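Quick note, the sequences are listed as chains R and P, same order. Residue 64 in our numbering sits at position 64 of the first sequence; the count goes up by one each step and never skips. Residue 67 in our numbering sits at position 67 of the second sequence; the count goes up by one each step and never skips.
Worth flagging that the hints you see were computed from the coordinates, not collected in a lab. Note that the coordinates shown come from a computational prediction; the quantities given were computed from them, not determined experimentally. We put the CB at the ideal spot given by N, CA and C, even for glycine. Accuracy of the hints is not assured; some may be wrong.
Here are the simulated DSSO-like pairs of lysine-lysine, each with C-alpha atoms no more than 27 Å apart in a straight line [stated by the list, open to error]:
1. R/LYS136 - P/LYS117
2. R/LYS183 - R/LYS68
3. P/LYS15 - R/LYS145
4. P/LYS317 - P/LYS15
5. P/LYS86 - R/LYS84
6. P/LYS317 - R/LYS143
7. R/LYS226 - R/LYS209
8. R/LYS141 - P/LYS117
9. P/LYS15 - R/LYS143
10. R/LYS136 - P/LYS317
11. R/LYS35 - R/LYS85
12. R/LYS183 - R/LYS136
13. R/LYS183 - R/LYS143
14. P/LYS117 - R/LYS68
15. R/LYS21 - R/LYS41
16. R/LYS91 - P/LYS117
17. P/LYS117 - R/LYS85
Sample of chain R residues lacking proximity to chain P, with all beta carbon distances greater than 12 Å (derived) [said to hold, decoys possible]:
18. GLU111
19. LEU126
20. GLU139
21. LEU166
22. ARG210
23. THR248
24. GLU256
25. ARG260
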Amino acid sequence: MVGMGKKIAMSIKQPILLELKGLSKNFEGLKALDKVDLTLKKGVIKALIGPNGAGKTTLFNVVTGLIKPSAGQVIFLGMDITGKKPFQISKLGIARTFQNIRLFNNLTVLENVMIGAHNSTKANFLAALFRLPSLKEEERKIKEKACEILDFVGLSHCLYLRAGSLPYGQQRLLEMARALAAKPQLLLLDEPTAGMNLTETAELTRIIKRVRDLGVTIFLVEHRMKVVMGISDEVAVLDYGVKITEGTPEEIRNDERVIRAYLGEKRSYKEKELAGS
Amino acid sequence: MRREAEMERRGLRGKLIVSAGVIVLFFLPVLFKSSDYVFHTLNMIAYYTIAVTGLNILLGYTGQISIGHAALFAIGAYTSALLALKFGFSAFLLIPLSGLAAAVVGFFMGAACLRLKEIYLAMGTIGLGGAVEGVIINWDTLTGGSMGLLGIPYLRVGSFVFNTQYRQYFLVYPIMIFLLLVARGIISSRFGRAMMAIREDAIAAASYGIDTTGYKLLAFTLSAFYGGIAGSLFAHSTGILFPDHFSMEVSILLLMMVVIGGRGTISGSIMGAALMTAGFEFLRGLKEFQMVIYGILLVFFILFMPQGIMGSLLMRKDRILLWLGWERK
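So here's chain R without its partners, still in its complex pose:
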């Protein structure tokens, strides 16, 4: 069992990939994030859960540089990347997908993935102006790589379709492919299975695991408990911008505070559903 091997390897000391120290973000008095400390070890799948409006996407936006934090630090590979621009952070090896899909709709599926590989292209302006052989060679390589990745996620049948014309589930897969093309060390997935049916969800779960096995660290926000409990090595819980707890899926499942955050003070039958799934 590869999974078991991974779990054992993880309990031994793994180098830290991402570290958030006292991360806070205020939106006009609303505390979207409140002194969040979090660490992500290399090679794990970590889930970030919490009720709607808990600040999960805000946390992702801060890590990827789309939003500047009000206080605190983001440390990636021992380097302080707080306040760096999104494109600079991307160049360091962090890729992400978006909760509300953000594809390049009018470009083809293939072009979307090739843009994902932007960081690994180096052709200079002169080479592009005159279409020098070095450029053509690089283009060919990127195209090949993009086709491989599309094959990996199962989209190789629609290379030349407009990205915006794909069905919803496939758009999510395409976002995943585009992120993989960036060859990330850390992959942030913001609700990757939202709006997917059960078959698609199972397929995506399988892909996420395979990506982890390729050595990519994965940080995901997810609402479906079945997915979270099934694939994560660690789970952190956010509520009103505060990290209330963190641990293995089993620990989280039975944590009083988590149940309270999701279901409120009064317990209901939904609690059983959460515990049981």
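Chain R is fixed; fit chain P onto it per the hints.
Using the frame of chain R, we list chain P on its own:
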């Protein structure tokens, strides 16, 4: 992979057809011993094609609107005219220098407008375009003001002077074709992909390592360079320059050419420029009433054909090829 090979073969055939078409079209007017008037019109098409290609890089590919593009046309034209009048440079120097002058101005225009989007960007560029026009009118010791700049010499290389429209045709068209190829080179490279990514979704683009600020500036600068070269060629062809040549109306005309031809297609730039210029010549008798027709045309295109002529054709490329019998199912 078979599909790849098929695409390559088809691409090669397409290239051959296009190259043959270009050569035939180029020599057609020469063979028919056309009049100076025909060559004048053809040359106008080329100036507009160059300027519209530039604007298309900015508007069609990068998604940044500019309603001040006539200003860059003006910078190129006046730079070229003044350098020729004062120093008597040859065409080899004048054309690139006027492109560069416009590129510098375009860079700063872009920098000034970086934080503006959509309608605000449109207004910002109108303002900057108006500012350039204002400078031209008021700095009359240099530019001749509203009296215009007269007696601009023809372009020359060594002792050869491009003093007829027929001669200019052989200068203007190779330059245009070269610039179109360069534009295509940029568009089909990582630079073009980055620009299109910004047009489609700037946030996603930035999240994938694309420096949106840098690429927007690049697009502004490049499109200004094209505008400047078009201006230079235009100035030496007409021999006189007035601020009226570069008013906001001209900016809007360029914009219309992009929209009607097809945003985000290089062939659309040619189509837009050719159709509108030819239209001007045919409808010359209507004078100001022409604008009514163009207005209606623009509304028609925005409502029913927002991709423009070439955009719509390219979208239906496979179906059209099938209809022509070039493609087997």
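Consistency of the no-contact label for R/GLU256, given chain P and a CB cut of 12 Å: Its Cβ never comes within 12 Å of chain P, the nearest being 37 Å, so this holds.
Agreement of P/LYS317 and P/LYS15 with the hint, judged by alpha carbon distance not exceeding 27 Å: holds, 15 Å
Hinted pair P/LYS15 and R/LYS145, Cα distance within 27 Å: holds, 26 Å
Pair hint P/LYS86 and R/LYS84, alpha-carbon separation not exceeding 27 Å: Violated, at about 49 Å.
Holds or violated: R/LYS141 to P/LYS117, with C-alpha atoms at most 27 Å apart: Not OK: R/LYS141 and P/LYS117 at ~35 Å, beyond 27 Å, violated.
Hint consistency between R/LYS183 and R/LYS136 [alpha-carbon to alpha-carbon, up to 27 Å]: Holds: R/LYS183 and R/LYS136 sit about 21 Å apart, inside 27 Å.
Restraint check for R/LYS35 with R/LYS85, where alpha carbons must lie at most 27 Å apart: Judged against 27 Å, a Cα distance of about 22 Å means the pair holds.
27 Å Cα cutoff - pair R/LYS183, R/LYS143: holds, 14 Å
Least C-beta distance from R/LEU166 to chain P larger than 12 Å: For R/LEU166, whose nearest Cβ neighbour in chain P is about 14 Å away, the distance exceeds 12 Å, so it holds.
27 Å limit on alpha-carbon distance, applied to hinted pair R/LYS183 and R/LYS68: Answer holds: R/LYS183 to R/LYS68 is near 25 Å, not above 27 Å.
Outside-interface status for R/THR248 - nearest CB in chain P farther than 12 Å: holds, 30 Å
Straight-line alpha-carbon gap R/LYS21 to R/LYS41, limit 27 Å: At roughly 15 Å apart (the allowed maximum being 27 Å), R/LYS41 and R/LYS21 satisfy the hint.
When each numbered hint is compared with the structure, violations occur for hints 1, 5, 8, 18, 19 and 20.
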